[in-house]
Amino acid sequence: MLFRNFMAAGAVASLMGTAAFADCGPSGNSVRILGSDFPAIQAVAGAAEANCGSNAGEFTINLRDNTRDMMNQALTPNPAEYTSVIVANSTLTQLMNDDLVRPLNDLVAKYGSHLSPNQLITIDGNVMAVAFMANSQHLFTRTDILEQAGVSGTPSTVDEIIDAAEAIRAAGIMEHPIAMNMKVGWNVGEVFNLFFLAHGGEMFQAGSAEPNVNSPAGLAALADIARLAEYAHPDHLSHASNETQALWEAGQVAMAMMWGSRGGAVLDAEGSTEEVTSNTLLSAAPTAGGGSIPAATLWWDGVTIAKNIADADAEATFAALVGGLKSDLMAEHNDKAIWLIDGFTPGPAAAGVSATAAGGAKPYPMIPYINFMHNALGSELVDFYKGTESAEDALADVEAAYRTAAKEAGFLQ
Amino acid sequence: MATKAESRLTTFKLVSFALVGAWLIIAAFPFLWTIWGSFKVQGDFFSKADWTNAVFGVLTTRETGGAFTSNGYFGAWVQEEFWKNVLNTLVIVFFTVIISLTFGTLGGYALARSGFRYAFWILMAALIFRAMPHITLVSGYMLPFFEWNIWGLKGTAIIVLVAINQPFTLWMLHSFFKNIPKDMDESAMVDGCTRFQAFWHVIVPVMWPGVITTGLFSFLLAYNDYAVTSMLLSKPNETMVPAVASFLGSVQVQGNIMFAVAAVVSATAPLFVLILFFQRQIVSGLTAGAVKG
Amino acid sequence: MKHRTFFWFILPTLSAMILFIALPIVSVFIQSLFVEHEQVLVVSESCGPFGCTQTTSIDTEATEALRADSPLGQYNGLGTYFDRSHLATAEVAEIWKASTGLASFVDGIMDLKFYKALVFTLTYTFVVTPAVLILGLAIAVGVNNLPKALRGIAIFISLLPFLVATIVGSMILSWMLDGEGIIGATLQNIFNDPSLTIKSSTPLMWIALIIYGIWHTLPFSFIVFYAGLQTVPGDTLEAAKVDGANKWQTMINVVVPHLMPLVSFVTLMLLMDNFRVFEPIVSFQAEAHAQSLSTFILSDLREAGNPLYASAGATSILTIIGVAILLSPVVVRTWRDFSAKSH
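Residue numbers (the working numbering), protein chains in the order written: chain U, 1 to 413; chain B, 1 to 293; chain A, 1 to 343.
Derived by calculation from the structure, the hints in this document are not laboratory data. Watch out, some of these pointers could steer you wrong.
Distance windows between CB atoms, simulated [claimed, not checked]:
hint, chain 1, residue 1, chain 2, residue 2, range
1, A, His3, B, Val15, 50 to 58 Å
2, A, Thr186, B, Gln79, 29 to 37 Å
3, A, Thr186, U, Glu160, 33 to 41 Å
4, A, Phe82, U, Ser27, 51 to 59 Å
5, B, Leu87, A, Phe29, 35 to 43 Å
6, B, Leu153, A, Ile30, 22 to 30 Å
7, A, Ala65, B, Pro270, 50 to 58 Å
8, U, Ser278, A, Ile190, 33 to 41 Å
9, A, Arg67, U, Pro348, 48 to 56 Å
10, A, Phe29, B, Val15, 46 to 54 Å
11, B, Asp183, A, Ala239, 28 to 36 Å
12, U, Glu175, A, Lys116, 24 to 32 Å
13, B, Leu90, A, Met260, 55 to 63 Å
Heads up, simulated DSS-like pairs for lysine-lysine below, C-alpha to C-alpha not over 30 Å straight-line [claimed, not checked]:
hint, chain 1, residue 1, chain 2, residue 2
14, U, Lys386, A, Lys247
15, A, Lys247, A, Lys148
16, U, Lys336, B, Lys84
17, B, Lys154, U, Lys307
18, A, Lys97, U, Lys407
Where a beta carbon is used, it is the ideal one built from N, C-alpha and C, also for glycine.
Could you build the full structure based on these sequences and the hints that come with them?
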């Protein structure tokens, strides 16, 4: 914490000019921020403290690894432990399911004139969150290796990726040229989502919580994933972002489906060689089955304000956090994320996410029961990937596991 | 006859020495390997290409100019301020041990001296309590702790650690007190002492080996805990083990594995010292405690 | 000891346990009997950086009204215990009907996660526990035979694996087992198969977890048995020697019976801890190959986002029942000892 305060103090010094102009709302209130611990959120929370820390009576920032596991419990009491939680698509759903965040329409009107409309996460006319950065999975390729294997152009469909992988294997360059985040649990479920959405699948039957993954789109998605996994490192069922990034930086893979937020870390010099970084190309996620939808889910991270707190605290928190989402922040932290804020100049690290979003990828669904489906996918598809169960049986298991959870949670009867 | 017995003896000894030797290597090797590796860079620590890299530090030499580097330690202790986690650990562990022992000594003594059936059932209940998965308990605590505004404090974690380690403490101390002859405190009571006076003047002076041993186990349970400390402590109060886990990286950012390795070694080093000092107490205490188990 | 005195002595420890363990167990049990109210859903337009879509959300006001009426939710009896995520009685009956023989029945059962986890957990428990008991005794005897000067250092080294946090100890081993770690890489060299990895093979992963379990808990049984060996009466050993018994016979007929009470104590603790195996699975990233009841609880409470308290509660209670069943022979023995002593 001390370290972070020290950094913030530095930021205060450098932002002195803007601090004078910042409208921090009513003074003497309490601002308590909870968020995940990564550079973009550190920047947003740091800017808020630099601008408005002196205006607030109390200003605390708690950035940690397992926010998702505790945010609902933390916001339930009145007053809540935190006045703001930095969330993403799925965690906003998690908070809204328990009615723990407040609509922000009036606060946006008062303090949000600098926001662009697409930053506002609006549900049924209520602004529930203010997004500041975007993220998605997309394709990373090693141009030098593809060239060496005689593949021309960047693969843009699953078939092209597999052809390229086969060419690389046949040329004896790499036995396992593909990397994917397929660690059992959340990641394995997410990989299914990507290809399922790319095949035009709908997770649930229209207007109900009945599952709809045991469908032609589901089977097609599994078939694609299995074909890709054929070329992935044998340990792929234990690989999450940290492992795939390490593989990439070690130069052991030629094509990877990884998060855009890793782009910056992959492209910088740290932990890798010049050969890898200079030949890494970030491009849109591949399309599947002749469709046009990229196999990716679009994510955003944004600011919410707790419901169970005093209105004045809510106002001060919103003013501090949202007031900082300006071009000054971009000037200092441009390359830490793919920002949705005015003044962002996309660098090479943002190319993949931009192309994926432009290609029409679907946002990660904000449905109250999506987490149960995701969890069921994460645990029940393993047998299929290990080759001990057919795709139909695995998807039937997913639906059965989902139904059990959804019944318990009251979404199905 | 004599020679035959003699030769059997040798076989027996040979087999058992071989077993002990093999075990000692297996027990010590991962630690020696990790300590050695903590002074290398990540490429050498994993050394996919050739495991001898890890021994000679080829990549370490290439990257830092020497065969050994203290970058991991510098990163963990200075850059990531691991010393704060160490201080938190010391505070939490100290109070957990003191309170655990006070509660456990009183309860264990009472259970050892009561012949009534309910004493047995309390012991059995303690076993059942110990069977409850800690994750469930910890998740259950969160909401009330937030409601009462005591979440994240060191004191809260201390009380929880004391409570969930009581069953083990109670069992150990109970069997230890059973080994202290009843006559000692009962004759004191015949002389006019109350039960507590008898406990204080007669039992307390002779109970230290058992208490120290139980204290060591309480220490280890608190020192090594992850389930409680990772969920119930706020960031400034975080202890060593969750800090090490966070060095390994999160969903969003890649961690620095060599920081974690250095921190693991730093977190283990006090244990080496501890074992050196207390090995006799551990052994003698276990003898006293477990024989009647 | 008088009831009143007993009460004051036991009060601190008992109130700590009641407050932080017994009451939570009761509340967890109660929660496991209820499921959530029917959620009132509304469909509306939602917009964000990536455009607008029709999405479903919870009508929190309507749901709140239901919740206010009966805050615990809908009473479900033991329904959660028998659902697909737990005992799965209906599914088991169906598989039984559809099965063509024992093999296909077992195959069907292994598709249900509760039973799959149970198979791993029991295998783990019943391999690790006896192995730790036997090896612990053997090493204790070996160390006991060492010259006095060497014993101290042997004990010191032996304690290492037990004294390090599970999460840290298994982390170290996990790095070594990795395809890039020394053990993983050596295995690949020995079998000359670069695609051979522990993390991609179920049998190898089980073996790795079991070896880790033995490595980690062996010091506990070793220390207890070593301590026990110090109390074997010298004259009994002399008598056995005079009767012409050799070392092995003395071991089986004199030493082991003397250590039996210790064996109960160690077995009790080992069975309980092994049945709840959790940290090694997470640290070894072995979720693809091995699951335990404890990993299900984690999944219900954390991965599901909004926790499934009933399901996690039911799994926790089933864990306690499982532990109670495993421990029952040892408990009966302790009861006999206790009755014998108090009369």
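Now the hints, each set against the structure:
1. Look at His3 (chain A) against Val15 (chain B): about 54 Å separates their beta carbons, and that is inside 50 to 58 Å.
2. Range check, Thr186 (chain A) to Gln79 (chain B): about 33 Å between beta-carbon atoms, so the 29 to 37 Å window is met.
3. Range check, Thr186 (chain A) to Glu160 (chain U): Cβ separation about 38 Å, and the 33 to 41 Å hint holds.
4. Between Phe82 (chain A) and Ser27 (chain U), the C-beta spacing of about 58 Å keeps the proposed range 51 to 59 Å intact.
5. Checking the proposed 35 to 43 Å range against Leu87 (chain B) and Phe29 (chain A) shows it holds: the Cβ atoms sit about 39 Å from each other.
6. For the hinted restraint 22 to 30 Å between Leu153 (chain B) and Ile30 (chain A), the CB-CB distance of approximately 28 Å keeps it satisfied.
7. Under the hint 50 to 58 Å, the C-beta atoms of Ala65 (chain A) and Pro270 (chain B), about 56 Å apart, fit the expected range.
8. At about 37 Å, the beta-carbon gap between Ser278 (chain U) and Ile190 (chain A) stays in the expected band of 33 to 41 Å.
9. Restraint check, Arg67 (chain A) to Pro348 (chain U): a C-beta distance of roughly 50 Å satisfies the suggested window 48 to 56 Å.
10. Evaluation of the 46 to 54 Å hint for Phe29 (chain A) and Val15 (chain B) yields a pass: the beta carbon distance comes to about 51 Å.
11. Restraint check, Asp183 (chain B) to Ala239 (chain A): a C-beta distance of roughly 29 Å satisfies the suggested window 28 to 36 Å.
12. One distance hint, 24 to 32 Å for the beta-carbon pair Glu175 (chain U) and Lys116 (chain A), holds here, with the actual separation near 31 Å.
13. A hinted range of 55 to 63 Å for the beta carbons of Leu90 (chain B) and Met260 (chain A) is inconsistent with their spacing of about 40 Å.
14. With a C-alpha separation of about 50 Å, the suggested pair Lys386 (chain U) and Lys247 (chain A) falls outside the 30 Å cut-off, and the hint is violated.
15. About 20 Å separates the Cα atoms of Lys247 (chain A) and Lys148 (chain A), which keeps this hinted pair within 30 Å; it holds.
16. Distance check on the hinted pair: Lys336 (chain U) and Lys84 (chain B) sit about 27 Å apart at the alpha-carbon level, within 30 Å; holds.
17. Under the criterion of a C-alpha separation no larger than 30 Å, the hint pairing Lys154 (chain B) with Lys307 (chain U) is consistent with the structure, at around 28 Å.
18. For the proposed pair Lys97 (chain A) and Lys407 (chain U), the alpha carbon gap of about 25 Å is at most 30 Å, so the pair holds.
Violated hints for the displayed structure, listed by number in ascending order: 13 and 14.
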